[in-house]
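Asker: Residues per chain, in single letters:
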Amino acid sequence: MNVISRGARNALRSPIRSGAIIIMLAISIGLIVAMLVARSSVNAKITELKANTATAITVSPAGIQGGMGSGNLLTNDQLKKIQTATHVASAYGSLTDQLGSSDTNLTSSLTLGSFGRRQMRFESSDSPSTPPMSSLGEGGQQFPRPAMTPHISVTGTTQPTTVTGAGGNALAVTLTSGATINGSSSDLVALVGTDLATKNSLSPGSTFTAYGKTITVKGIYKTKNTFTDSGIVMPLATVQTLAGETGVSMINVTADSSENVASLVTTLKSQLGSAADITSQQAQAQASVDSLKSISTLATTGVVDAAIAGAVIILLMMTIVVRERRREIGVIKAIGGTNFTVATQFVVEALTLTIISGIIGFALGVAVSGGITQALVSNQSATSSNTSSIPAQGGTTRLGRGFGAGGFSSRQVRSAIQSVTRSATPTVFASAIGITLLIAIIGSALPAWLISRVRPAEVLRTE
Amino acid sequence: MSLTVTNVTKTYRTSSGDVHALSDVSFSVKTGEFASIIGKSGSGKSTLLSLLGALDTPSSGEIDVDHQNITKLSERQQTHYRAHKIGFVFQHYNLIPNLTALENVMLALEFGGMPSRERRDRAVQLLESVGLDTDQQQRKPNRLSGGQQQRVSIARALANHPSLILADEPTGNLDSETGKKIFDLLHSLSRTEKTTILAVTHDLDIAGKTDRTFTLKDGKITTHK
Numbered sequence: 001m002n003v004i005s006r007g008a009r010n011a012l013r014s015p016i017r018s019g020a021i022i023i024m025l026a027i028s029i030g031l032i033v034a035m036l037v038a039r040s041s042v043n044a045k046i047t048e049l050k051a052n053t054a055t056a057i058t059v060s061p062a063g064i065q066g067g068m069g070s071g072n073l074l075t076n077d078q079l080k081k082i083q084t085a086t087h088v089a090s091a092y093g094s095l096t097d098q099l100g101s102s103d104t105n106l107t108s109s110l111t112l113g114s115f116g117r118r119q120m121r122f123e124s125s126d127s128p129s130t131p132p133m134s135s136l137g138e139g140g141q142q143f144p145r146p147a148m149t150p151h152i153s154v155t156g157t158t159q160p161t162t163v164t165g166a167g168g169n170a171l172a173v174t175l176t177s178g179a180t181i182n183g184s185s186s187d188l189v190a191l192v193g194t195d196l197a198t199k200n201s202l203s204p205g206s207t208f209t210a211y212g213k214t215i216t217v218k219g220i221y222k223t224k225n226t227f228t229d230s231g232i233v234m235p236l237a238t239v240q241t242l243a244g245e246t247g248v249s250m251i252n253v254t255a256d257s258s259e260n261v262a263s264l265v266t267t268l269k270s271q272l273g274s275a276a277d278i279t280s281q282q283a284q285a286q287a288s289v290d291s292l293k294s295i296s297t298l299a300t301t302g303v304v305d306a307a308i309a310g311a312v313i314i315l316l317m318m319t320i321v322v323r324e325r326r327r328e329i330g331v332i333k334a335i336g337g338t339n340f341t342v343a344t345q346f347v348v349e350a351l352t353l354t355i356i357s358g359i360i361g362f363a364l365g366v367a368v369s370g371g372i373t374q375a376l377v378s379n380q381s382a383t384s385s386n387t388s389s390i391p392a393q394g395g396t397t398r399l400g401r402g403f404g405a406g407g408f409s410s411r412q413v414r415s416a417i418q419s420v421t422r423s424a425t426p427t428v429f430a431s432a433i434g435i436t437l438l439i440a441i442i443g444s445a446l447p448a449w450l451i452s453r454v455r456p457a458e459v460l461r462t463e
Numbered sequence: 001m002s003l004t005v006t007n008v009t010k011t012y013r014t015s016s017g018d019v020h021a022l023s024d025v026s027f028s029v030k031t032g033e034f035a036s037i038i039g040k041s042g043s044g045k046s047t048l049l050s051l052l053g054a055l056d057t058p059s060s061g062e063i064d065v066d067h068q069n070i071t072k073l074s075e076r077q078q079t080h081y082r083a084h085k086i087g088f089v090f091q092h093y094n095l096i097p098n099l100t101a102l103e104n105v106m107l108a109l110e111f112g113g114m115p116s117r118e119r120r121d122r123a124v125q126l127l128e129s130v131g132l133d134t135d136q137q138q139r140k141p142n143r144l145s146g147g148q149q150q151r152v153s154i155a156r157a158l159a160n161h162p163s164l165i166l167a168d169e170p171t172g173n174l175d176s177e178t179g180k181k182i183f184d185l186l187h188s189l190s191r192t193e194k195t196t197i198l199a200v201t202h203d204l205d206i207a208g209k210t211d212r213t214f215t216l217k218d219g220k221i222t223t224h225k
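Chains as they are written, first to last, in the numbering used here: chain V, 1 to 463; chain Y, 1 to 225.
Derived by calculation from the structure, the hints in this document are not laboratory data.
Computed from a predicted structure; not experimentally measured.
Derived Cβ-Cβ restraints for the label pairs, each shown as a range: (1) Y:His84 <-> V:Thr297: 54 to 60 Å; (2) V:Arg13 <-> Y:Arg76: 25 to 31 Å; (3) Y:His84 <-> V:Pro15: 32 to 38 Å; (4) Y:His67 <-> V:Leu12: 45 to 51 Å; (5) V:Thr297 <-> Y:Lys72: 57 to 63 Å.
Taking lysine to any residue and the SDA-like style, the derived pairs with C-alpha atoms no more than 25 Å apart in a straight line are: (6) Y:Lys72 <-> V:Thr341; (7) Y:Lys140 <-> V:Glu458; (8) Y:Lys140 <-> V:Arg17; (9) V:Lys213 <-> V:Ser109; (10) Y:Lys72 <-> V:Arg453; (11) Y:Lys85 <-> V:Asn2.
Sample of chain V residues at the chain Y side, in silico, Cβ under 8 Å: (12) Asn2; (13) Arg9; (14) Asn10; (15) Arg13; (16) Arg327; (17) Glu328; (18) Val331; (19) Ala334; (20) Ile335; (21) Gly336; (22) Gly337; (23) Thr338; (24) Pro456; (25) Ala457; (26) Val459.
Glycine included, each C-beta is placed from N, C-alpha and C at the ideal position.
Isolated chain V (complex conformation) (with noise of 0.2 Å):
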C-alpha cells in the first residue's frame, strides 16, 4: 500500500459523507459539462451564421423597390466589379421579366386577385406585354379593352440552382424531373415551375413560346413558393438576348464572412454610388448571432459558477476532513510522514471523490446538455421574436424592377437560434475533464495547507 492506495482508499472512508459529496459534485460537474456542451453548440451555431446567414448582400438598381420604380439596369461592368471587389466569395447576376399573354403561349398558373388588377392598372399600351386597359381608336372609336392576365415571371440566371423569390431571398431550386440548365449558355431552354408546368400540361422535352422563340423545357422545379413555382428559369444570356437587355436586375453577392458584410457594403456603396440600392441581412443576422452570444456567456457563466461551486464543495469537504483527521497527520508525521506525503494523500483522496463524481457527472451532464441547451436557446428565441420584427418585402415584378429588396424575418432569425443542436465534441469532453481536475487542485490546496500547519508535537499535547 502507498499513498496513492491510501488517498483512494480514504475517500471512501466515510460511505454516507462520501456518497453526499459525490452525489453534489456530480451535479455541479454535470451541470459544467452542459453548460460547456450548450456553450460549444452556440458557438458552433454561430460560425456558421456567420459563414453562411448573414453573408448575402442584395444589389438592386436604384430606384426600385419590390414591385414598384423604375430605372436602369446594373451593367456587365458593375457585376465584374463586384465580383472582384475585398471579401466577396461570390457574386451573380440575374434578370427578371414578365411575360404578358401577347409574349407567350404560356397560361399563368396565377389567379388575378383584386391586388394584381390595382397593380396592373397603370400598364400603357406601349408596352409590348401589357395591353392598357382601354385605349381609344381612330377617330375617337373606343376599342373594347382585352382581359386582363396575370404576367408570367422569367428570370434569367447563371445560377439556376436557386431562384429569387418575393422578399429577395434566394430559394432552392428542387428538380421534380428532368434535368437543370446550364446558366451560363446562351440556348432556348428553361425550366419551369410545377404550378405553371401543370397548368400547361408541360413536361421534360416539352416546348414553348416566348418572345417569338420557341424554348425547350429541360426540367419542372419546385420551391415551395406560389409565386416562383408559376415562373419560367433561363440562362441569363438568353433573357438578355430575347429581352434585348445587356445589364441584370439583381446582383446576390455572398460574403466570405458576416464580420466583413459591413465593409463589403461600404465597399460597394463607393464602387456603385447611387445606380443601386444595396440591402444586406447583417443587422438582422447580426441580431440573431448577439441573441446566440448571450446564450454563450450565459453558459460560460454557468460553467465557472459550477466549477467554483464544485471547488468549494470539495474545499470545504476536504477542510472538514483535515480538521477531523488532525491528530491521525500529527501520527503520521510524528512516525517519519513528510508534509508532501501526506498532503499527497489527502489530494489523492480528493482527486478520488472527484474522478467518481465526474464520472457520474459527465453521464449526468450528456443526459441532460441537449435539454438544457435547447431551454437555453427556446428563452433566448422568444425574448428575439419580441424584440426583432422585421417584415420580408417584395412583390411583383416588372423588367428592371427585381425581386426587390429583401428582408431577413424574425421567424427567419428564430428559426437559425432554434435550429441550434447538441454538440459534445472532444475538445468539449478535455475542457471538462481539465476544470474537473482543477476543481480538485484548488479544493484541496487549502486543506494541504492546513496540513503543513499540523505540528506532529500536537499529538503528545493532546494524550
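Chain Y: place on chain V using the hints.
Answerer: Coordinates of chain Y only, in the frame set by chain V:
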C-alpha cells in the same frame, strides 16, 4: 545509542506570560538502557518527550543522540530522524483507524524507506514478535483490544530498528495485568533489539523495574536513580 540532554530549557509564550515547561534539564542514558521518567501531570514529561523525538525544538540547550545534536536539525532532517532513529509508543496507541494492524506497521516501514516488496514480511515478523497472530494482523484497530493495539504500536515503533524508543504512558490506558505484559514486552525488546527505551509513566511499580528512573518536577529533574 547514547542520549545526552544538556541544559535544555523549553519556554512557551502565552498571552498570560511565559511558561517554563522545562528548566535547565540535563541527563544521559546509555545504549540499550530502559529508562523511565516519572512526574505529576504538568511536570514537563510530554514536553521532554517531544523534544527528544524532534517533534519540537528546545528554547535552549542541546540534545545529542548518537553524537548528533538534534536541536539543530532542519525540518526535513527532523522528519528523517523521526523515521529512522525514533520509535514512538503512545498512551492512546494512535494507530491509523482505516488501516489494518499489518498496514499500520507497513506504513512506518514505508516512511523508513524500506522497498515495498520487503515491507509485508518485515511487518509480519514484527507483529508475530509482539504476539499478534495472522488473523489479528488483518484486523483494523477498532477490532483489536487495547493491549493488542499497544502491541501493534510497539511493533510499529520497532519497524525501522530505531536507536531510541520513546514511550508516552505505554500502560496508562491498560488494565494492570495487560500493562504488566506490555511492560515486559518492552523490557524484553530492549534486550533483544538492543534498543534504548525511555518511557514516561505514572506507575511507580513499572518505573521501579526500569534500569534508570528520572523524576521531573516543575520542569526540572529532581531525582534519579
